[in-house]
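Student: Below are the chains, spelled out letter by letter.
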Amino acid sequence: MRIFHSYRQDADEELMRRVSRNDTKAFEELYTRYAGRMQGFFIRMLGYDIAKAEDFTQELFLKVYESRSAYEEGRTFSSWAFSMAYNLCKNEYRHRDVVEIHEQELNYNSDATEEPAFEKVYDQAVFENQLSISLSKLPADQLAAFTLRYNEELSVQEIARVLDCPEGTVKSRLHYALRSLSQSLSIYNPI
Amino acid sequence: MNKLEESKDVKRILSTSKALYDKDKTGNAPRSFNSLMQQIDQRGQSSPRVGISPWWLVAACLIGLLIGWNFPFEDVPKSEKLAVNDTVYITEKHTDTIYQQVQVAVKTLERKERREAVSARQMEAQTITPPVLRNEMSLPDLKNIRPATSGRSLAQENFPIHLLVSL
Numbered sequence: 001m002r003i004f005h006s007y008r009q010d011a012d013e014e015l016m017r018r019v020s021r022n023d024t025k026a027f028e029e030l031y032t033r034y035a036g037r038m039q040g041f042f043i044r045m046l047g048y049d050i051a052k053a054e055d056f057t058q059e060l061f062l063k064v065y066e067s068r069s070a071y072e073e074g075r076t077f078s079s080w081a082f083s084m085a086y087n088l089c090k091n092e093y094r095h096r097d098v099v100e101i102h103e104q105e106l107n108y109n110s111d112a113t114e115e116p117a118f119e120k121v122y123d124q125a126v127f128e129n130q131l132s133i134s135l136s137k138l139p140a141d142q143l144a145a146f147t148l149r150y151n152e153e154l155s156v157q158e159i160a161r162v163l164d165c166p167e168g169t170v171k172s173r174l175h176y177a178l179r180s181l182s183q184s185l186s187i188y189n190p191i
Numbered sequence: 192m193n194k195l196e197e198s199k200d201v202k203r204i205l206s207t208s209k210a211l212y213d214k215d216k217t218g219n220a221p222r223s224f225n226s227l228m229q230q231i232d233q234r235g236q237s238s239p240r241v242g243i244s245p246w247w248l249v250a251a252c253l254i255g256l257l258i259g260w261n262f263p264f265e266d267v268p269k270s271e272k273l274a275v276n277d278t279v280y281i282t283e284k285h286t287d288t289i290y291q292q293v294q295v296a297v298k299t300l301e302r303k304e305r306r307e308a309v310s311a312r313q314m315e316a317q318t319i320t321p322p323v324l325r326n327e328m329s330l331p332d333l334k335n336i337r338p339a340t341s342g343r344s345l346a347q348e349n350f351p352i353h354l355l356v357s358l
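So the sequences go chain by chain: A and V.
Using the working numbering, the letters of the first sequence correspond one by one to residues 1 to 191.
Using the working numbering, the letters of the second sequence correspond one by one to residues 192 to 358.
Read the hints as simulated data drawn from the structure, not as lab findings.
If you're wondering where the values come from, they're calculated on a predicted model, not measured in any experiment.
Even glycine gets a Cβ: it sits at the ideal position worked out from N, Cα and C.
Among the clues, some could well be false.
[As the list claims (entries may be wrong)] Some but not every residue of chain A turned toward chain V, in silico, with C-beta under 10 Å:
{"no.": "1", "residue": "Y65"}
{"no.": "2", "residue": "S132"}
{"no.": "3", "residue": "N151"}
{"no.": "4", "residue": "S182"}
Between the sequences and the hints, there should be enough to build the whole structure, so can you do that?
Tutor: Here it is, written out as structure tokens:
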């Protein structure tokens, strides 16, 4: 029996098993591993609202702790946590004010109609800004699939489990997202 | 999709989005673990869970069993019942009088009348006896019979009462 047990080498699933036995240290280790990732996901999914992303991260880990006994053994912790995070985002989309969305859309439209200056076309900062805007304009399911695949580097199979849809649907969402982004950012590409 | 991923412009998009994502993650550190635990404690205090002990459940079941065991559901004797629900059917049978003509052979009856000499006092004693007199008094007065509102005579309506009195 190890008295001073180090959790750093344990797998996520093993840590979660310990959390279900009210092991606070294991929960802290999980928080250290995933809080940053989850917050990044929330920042992306909630339109770069940092304060809201922080609140959602706390809320997510509260839910993880409260439903620790409901964790199914054998399921990947990352896909379980990301599916909970995605559900939180979906709830947020449902409750979001319609007027606010309309205003945002108007702002994006005004940005999109703005013709970038010639010298700024190849500027990386402008490109990043426009990419952020284009990402925000993507539908929620496409944005989630894109973020999980290309930023969180999850497999298509894992994404299908997170988004609760078939793998084919994930692939088509990724395809539409990539095509939409490349079309909206085509003017910034070097000839 | 693989072709799309390998194209130059999409590669640039993917690499830039990854860089942005990492920048967002590192630039905005999450809140400390202690603040999360404080929130968990606060939530636990504000909404304490109602835990029902299995022993309480067993005790409740036993009490219910005892109450049910002593409660007389079907074994109540009939004499202790407060009310008995019976259905009473009232039927009236009415038969018309049927007359039939019967031919009877006419015979002349010869009757020998024998008269005995009885004193007046003896005769009175035989005919007017107290029970006979009582019956006479209790019977309805046939002279005053008149139809009642129900269609029956008063004598008919009072028949049970007279019967009781005569007894």
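Student: Go through the numbered hints given earlier and state which of them the structure violates, listing their numbers in rising order.
Tutor: none
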